[in-house]
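Based on the provided sequences and hints, a complete structural model is requested.
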Amino acid sequence: MNLTGLLFLSLMVPPCGPQAERGVTGYVISQQEKTLSIQAESQAGRSVKVMDITLDAAEAPGGAAVWNDRLVITLPKSAALLICSLREKKLLSLQSLPDFPSPRGAAYDPQGRLWILSANSLAEIQFTPDGHFNPIHHRGDFSDPRHLLILPSGQFYIAENGPAPAVKILDSKLNLLETIPLQQPAKGLRTNPTGALEAMFEKVPPLALKRPAPAPTKTAAPTGG
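Residues in the sequence shown are numbered consecutively from 1, following the working numbering.
Among the clues, some could well be false.
[Said to hold, decoys possible] Mimicking BS3-like on lysine-lysine, the simulated pairs with C-alpha atoms at most 25 Å apart in a straight line are: (1) K77 to K187; (2) K168 to K187; (3) K77 to K34; (4) K49 to K90; (5) K49 to K89; (6) K90 to K77; (7) K168 to K210; (8) K34 to K89; (9) K210 to K173; (10) K34 to K90; (11) K203 to K168; (12) K187 to K203; (13) K187 to K34; (14) K187 to K210; (15) K49 to K34.
What the hints contain is simulated information worked out from the structure, not anything from laboratory work.
Given below as structure tokens:
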């Protein structure tokens, strides 16, 4: 399951990908001044420190995503991505995103492709061997999108915090399936321990989000005898 976590003092990111660390339920990214600390949470409730990242200036992450051992953290103020190796326990690179102001929510889809929310857009980011990046797929008609969750089915859940807060649900081809109005801006999206999808808020209980009905299966037309 791919999702962005609830961001108050920390960000919770679940592992995903065929080579993800087994026994880890999620990675907690917490901030203290210029330092981001990453800890692995186990199914037994144990917390193990993985690494620290020292930033040039104090900055809260906007979102994060994990695929196999690769951790990506968005930095909205710097318009950049931190790319880390969880197995090697080190920062691999800081990738500037000059065409993606204020990158926020991040998630990997079931094929291991990285998606980023930025400004009013959702875009798939593909890195080239020389370290540059290309936006492969793009949709730019959102109102202050903040949080991103991608289901194993490929559906996108995007929390908009604009004048009319809502969660928008897209199919794997970025077609809008449904809009769920919210009473206030969401602070995160998550899958709870029972598997239900929820929008999180600052001072009110989470709101359960229904999954859209699957598209009808096309049946072959009968052939004449």
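Task: Earlier hints that do not hold, by number - done: Every hint satisfied by this model.
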